[in-house]
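Single-letter residue listing:
Number of protein chains: 2
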Amino acid sequence: MNGAQALIRTLVDAGVDVCFSNPGTSEMHFVAALDDVPDMRAVLTLFEGVATGAADGYARMAGRPAATLLHLGPGLGNGLANLHNARRGRTPLVNVVGDHARSHKRLDAPLESDIDAIAGTVSGWVRRSLSPADVAGDAAEAVAMAKKTGIATLILPADVSWEEGAEPALPLDVRPRPHAAPSLIEGIAKVVTSGEETVILLGGDVMASPEGQLAAARVAAGTGVRLVAETFPARTARGAGLPDLHRLPYPPEMAMAALKGTKHLVLAGATAPVHFFAYPGMPGHPVPEDCTVHVLSLPGENGVAALEALAELAAPGAEPKVMERETPELPTGKLNPRAMAAVVGALLPENAIVVDEALTSGAGLTEMTSAGPRHDWLSLTGGAIGDGLPMALGAAVACPDRPVIGIQADGSAMYTISALWSYAREQANITTIICDNGSYAILEHELTRVGAASDGERARKLLDLTGPALDFVSLAQGMGVPASRANTAEELAEQVRHALAEPGPHVVVATLR
Amino acid sequence: MNGAQALIRTLVDAGVDVCFSNPGTSEMHFVAALDDVPDMRAVLTLFEGVATGAADGYARMAGRPAATLLHLGPGLGNGLANLHNARRGRTPLVNVVGDHARSHKRLDAPLESDIDAIAGTVSGWVRRSLSPADVAGDAAEAVAMAKKTGIATLILPADVSWEEGAEPALPLDVRPRPHAAPSLIEGIAKVVTSGEETVILLGGDVMASPEGQLAAARVAAGTGVRLVAETFPARTARGAGLPDLHRLPYPPEMAMAALKGTKHLVLAGATAPVHFFAYPGMPGHPVPEDCTVHVLSLPGENGVAALEALAELAAPGAEPKVMERETPELPTGKLNPRAMAAVVGALLPENAIVVDEALTSGAGLTEMTSAGPRHDWLSLTGGAIGDGLPMALGAAVACPDRPVIGIQADGSAMYTISALWSYAREQANITTIICDNGSYAILEHELTRVGAASDGERARKLLDLTGPALDFVSLAQGMGVPASRANTAEELAEQVRHALAEPGPHVVVATLR
Numbered sequence: 132m133n134g135a136q137a138l139i140r141t142l143v144d145a146g147v148d149v150c151f152s153n154p155g156t157s158e159m160h161f162v163a164a165l166d167d168v169p170d171m172r173a174v175l176t177l178f179e180g181v182a183t184g185a186a187d188g189y190a191r192m193a194g195r196p197a198a199t200l201l202h203l204g205p206g207l208g209n210g211l212a213n214l215h216n217a218r219r220g221r222t223p224l225v226n227v228v229g230d231h232a233r234s235h236k237r238l239d240a241p242l243e244s245d246i247d248a249i250a251g252t253v254s255g256w257v258r259r260s261l262s263p264a265d266v267a268g269d270a271a272e273a274v275a276m277a278k279k280t281g282i283a284t285l286i287l288p289a290d291v292s293w294e295e296g297a298e299p300a301l302p303l304d305v306r307p308r309p310h311a312a313p314s315l316i317e318g319i320a321k322v323v324t325s326g327e328e329t330v331i332l333l334g335g336d337v338m339a340s341p342e343g344q345l346a347a348a349r350v351a352a353g354t355g356v357r358l359v360a361e362t363f364p365a366r367t368a369r370g371a372g373l374p375d376l377h378r379l380p381y382p383p384e385m386a387m388a389a390l391k392g393t394k395h396l397v398l399a400g401a402t403a404p405v406h407f408f409a410y411p412g413m414p415g416h417p418v419p420e421d422c423t424v425h426v427l428s429l430p431g432e433n434g435v436a437a438l439e440a441l442a443e444l445a446a447p448g449a450e451p452k453v454m455e456r457e458t459p460e461l462p463t464g465k466l467n468p469r470a471m472a473a474v475v476g477a478l479l480p481e482n483a484i485v486v487d488e489a490l491t492s493g494a495g496l497t498e499m500t501s502a503g504p505r506h507d508w509l510s511l512t513g514g515a516i517g518d519g520l521p522m523a524l525g526a527a528v529a530c531p532d533r534p535v536i537g538i539q540a541d542g543s544a545m546y547t548i549s550a551l552w553s554y555a556r557e558q559a560n561i562t563t564i565i566c567d568n569g570s571y572a573i574l575e576h577e578l579t580r581v582g583a584a585s586d587g588e589r590a591r592k593l594l595d596l597t598g599p600a601l602d603f604v605s606l607a608q609g610m611g612v613p614a615s616r617a618n619t620a621e622e623l624a625e626q627v628r629h630a631l632a633e634p635g636p637h638v639v640v641a642t643l644r
Numbered sequence: 132m133n134g135a136q137a138l139i140r141t142l143v144d145a146g147v148d149v150c151f152s153n154p155g156t157s158e159m160h161f162v163a164a165l166d167d168v169p170d171m172r173a174v175l176t177l178f179e180g181v182a183t184g185a186a187d188g189y190a191r192m193a194g195r196p197a198a199t200l201l202h203l204g205p206g207l208g209n210g211l212a213n214l215h216n217a218r219r220g221r222t223p224l225v226n227v228v229g230d231h232a233r234s235h236k237r238l239d240a241p242l243e244s245d246i247d248a249i250a251g252t253v254s255g256w257v258r259r260s261l262s263p264a265d266v267a268g269d270a271a272e273a274v275a276m277a278k279k280t281g282i283a284t285l286i287l288p289a290d291v292s293w294e295e296g297a298e299p300a301l302p303l304d305v306r307p308r309p310h311a312a313p314s315l316i317e318g319i320a321k322v323v324t325s326g327e328e329t330v331i332l333l334g335g336d337v338m339a340s341p342e343g344q345l346a347a348a349r350v351a352a353g354t355g356v357r358l359v360a361e362t363f364p365a366r367t368a369r370g371a372g373l374p375d376l377h378r379l380p381y382p383p384e385m386a387m388a389a390l391k392g393t394k395h396l397v398l399a400g401a402t403a404p405v406h407f408f409a410y411p412g413m414p415g416h417p418v419p420e421d422c423t424v425h426v427l428s429l430p431g432e433n434g435v436a437a438l439e440a441l442a443e444l445a446a447p448g449a450e451p452k453v454m455e456r457e458t459p460e461l462p463t464g465k466l467n468p469r470a471m472a473a474v475v476g477a478l479l480p481e482n483a484i485v486v487d488e489a490l491t492s493g494a495g496l497t498e499m500t501s502a503g504p505r506h507d508w509l510s511l512t513g514g515a516i517g518d519g520l521p522m523a524l525g526a527a528v529a530c531p532d533r534p535v536i537g538i539q540a541d542g543s544a545m546y547t548i549s550a551l552w553s554y555a556r557e558q559a560n561i562t563t564i565i566c567d568n569g570s571y572a573i574l575e576h577e578l579t580r581v582g583a584a585s586d587g588e589r590a591r592k593l594l595d596l597t598g599p600a601l602d603f604v605s606l607a608q609g610m611g612v613p614a615s616r617a618n619t620a621e622e623l624a625e626q627v628r629h630a631l632a633e634p635g636p637h638v639v640v641a642t643l644r
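So the sequences go chain by chain: B and E.
Numbering of the first sequence is given in my numbering, commencing with residue 132 and proceeding in unit increments.
Numbering of the second sequence is given in my numbering, commencing with residue 132 and proceeding in unit increments.
Bound conformation, chain B alone (with noise of 0.2 Å):
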């Protein structure tokens, strides 16, 4: 068989049987491959961007990677921004980067760029095929470096891909994930127990996961001391039945004053909290200077486990404080931001999978959602925004039968406003709710918040949508999705329930100007 077959039968092989593609000249052998490995599932997209935000949204809600098909380096740079997110939310994902013929490399040809450096900026592993005797065994590795790394790129040049003689790889062993050391357990146990202002901040398989919360839940309720979610987790688990987790806010000054007072940081699946932008005259991340970090887990260990431990340790047979169902009412009248998140709120399914990049627009979503039905929630990890059109579709794809909605702000729905024609064309199953209030309102915010602050005309009209208003309800259609406009709360929920209840994508537009 040729590279590419061996190359696709090997993803396949070990677990990887989805591809989020846009090919060109130089991956024509993979698409072609695709006929004789009807196991790997090939889903169209018209803009990189899409295919790995879709990839990122995929391994998010799969729990293993999908692959991604890219075209050189400028292909590699369209997907870039939400490599971003992936690798700063961990998620594994195998991009695939066709390059020139190994003959071609050194002609310069007009499509020549240097896909090796640009990877590396996202990727934990980087390899470069080198023989069609070599693939098969490259892309077993790609897959074990993505679940151990997070982002593996795979370069596979033409001829490679063309040329016979490659054989299937067979997967190779991934290590589970390192437990806590006992000792390490007992040290922690003694600081939640120690009377002290503690906070565990809460982040990772720790969020995406019911036990592990649950776990947490425990560790508070038997000690006294606090739970605080990091800000931006990949994948949170919500809904009544859990605790009750706030999120560190964003805003530096909010940041800081949750933290106020803490005297003990433990880290269970996050990082120590850093601001996301800085701030004349602010200091860089919200931790007071007296506040010693401890470490009980870091992302990519096992901190649903290491809690388990804590908890049987330092606080055993407490009960978890967790959250009774309850619903807000559906709202009437002028839809703002909190009319809408009432809204989803309200007519939230059992099971769905919201994904959220509402940004501004957000006030009040996470609350109105918190005790409803069990769902699962995912971020903007790495704040390239343009990430959440194409997560939804790739958490679609990962689960079928589950309910997808997302909630979208505008400016940056138009980063990959092309993810709706995939929409259409997988007949996925998501409800997208724009957030329509024409401009970029973060950015207002970020104005002001950063002293620069002026009256200029000329300032804010670049951060100003409406001049002219984007009309979503077009382009959805124009992109084959049936899509409608509401001004009114009534109209939001009349439109969310049509839309949640017919198959296939539905785009409903939320007027919040």
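One should not assume that every hint holds.
Any copy will do: because identical chains look the same in the list, a pair fits if it lies in one copy or spans two.
Keeping only pairs whose Cα atoms sit at most 27 Å apart, straight-line, the calculated DSS-like set for lysine-lysine is [claimed, not checked]: (1) K465 with K321; (2) K592 with K321; (3) K236 with K279; (4) K236 with K391; (5) K236 with K394.
In case anyone wonders, no lab produced these hints; they're calculated from the structure.
Treat the numbers as computed from the prediction; the structure is a model and nothing was measured.
Starting from the structure of chain B, add chain E where the hints point.
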């Protein structure tokens, strides 16, 4: 003044007074400073690939660089594909990439990324400004280096932007492009008068210049050598009164046929040609084995002066053969690529700028327009698709009094579709013809050409854009651009005529399915 103010003032003083922008938090002081330096025109784009492609189109037409304003590594990544095209076209361009404040870099905040490494893959010059006192000098050098090397990237930490203590810097001198030495001209004169089969390959500054083309045509008329244009010149002067230059074809077999029997290949503003991609069993370039390649001028040198000197020496008194004005008849009936090309040729206004990303739908387009009124033609130089819509924006900003016509393939349009919103916002005089063939047609050719042809349904499906069909009328209207669809040649002519007559942007969708 603060760093941002000094930076913008310095850019403007050095002739860089347009900035295609997609800012984030770290760029807020730059945004605020726009009100202090009103000579800088900021053009907002909704996606960084639009900003970089527009800066490319701007500089190709204005002959001087524009700036871009991008947000950290992810923003630069989003702009990378069109920076690749700009690099391949040797377009001067100044990227300003905001970064975290200096004190924040070591904290590994969520948006922390290796900007320097990403920038290095497309830039001839990269610098990180280390203090407000440095930033203006760095900016002056960035402009000078852009003129010399193509892309200059200035990384601007947020606090360097916001701190006081900066002063504007004076523009740096830029040496004129080097002239060819007389001995070199004499050597080439011997080649072109040798009587052996000789081709002069024209590119870069020669193709952009009527004088350069006419000098080449004098050499051809006086010596009998053949003239061939490079495959994708960044900018070509075209129309009646200029020589009828044919481009080296893109398909390898045709390129080899075009140079068959050539004993001497003289490069004038071009590099030695290589095939775009490698194909199984095919050489990597079209130059015959027994052909000697001679350099009259390389890109970045003064090819026009070299050709004029060569004409004086090798073909004194020769009259160039030029085209008489000839425009095609308006076609009738069914719409296909050739009929579309005839409509463009028949309606092409004086002094237009044509931005060509028609790809497979462009058959006949250059032929039908070559002897029309004088115009300039911008091509996709680096093969990273999605350059057409942004380039047209930049060209329109550079030349507000000239009509811009974009001929745009459908698949490629989707990479940077939000450019249309900026068209509407700027009320740019751009008529965009979308070639709606419902597929990645170029990849269907390539699938066959690489020998990967299969009747495989899954492979074919990955190149098909009709499930669902993209409705570009709806997409354009959703971004505030008037749009219509033409199903016959008559409809296309009527709609294009209307679009050209009415100020502001228009989209005309040509049904080629």
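Quick rundown of the hints versus the structure:
1. K465 with K321: neither (52 Å within a copy, 82 Å between copies)
2. K592 with K321: So K592 and K321 fail the 27 Å test inside a copy (55 Å) and across (61 Å) alike.
3. K236 with K279: The answer is between: 26 Å across copies meets 27 Å, while 31 Å in one copy does not.
4. K236 with K391: between (56 Å within a copy, 24 Å between copies)
5. K236 with K394: Only across copies: K236 and K394 sit 26 Å apart there, 57 Å inside one copy, limit 27 Å.
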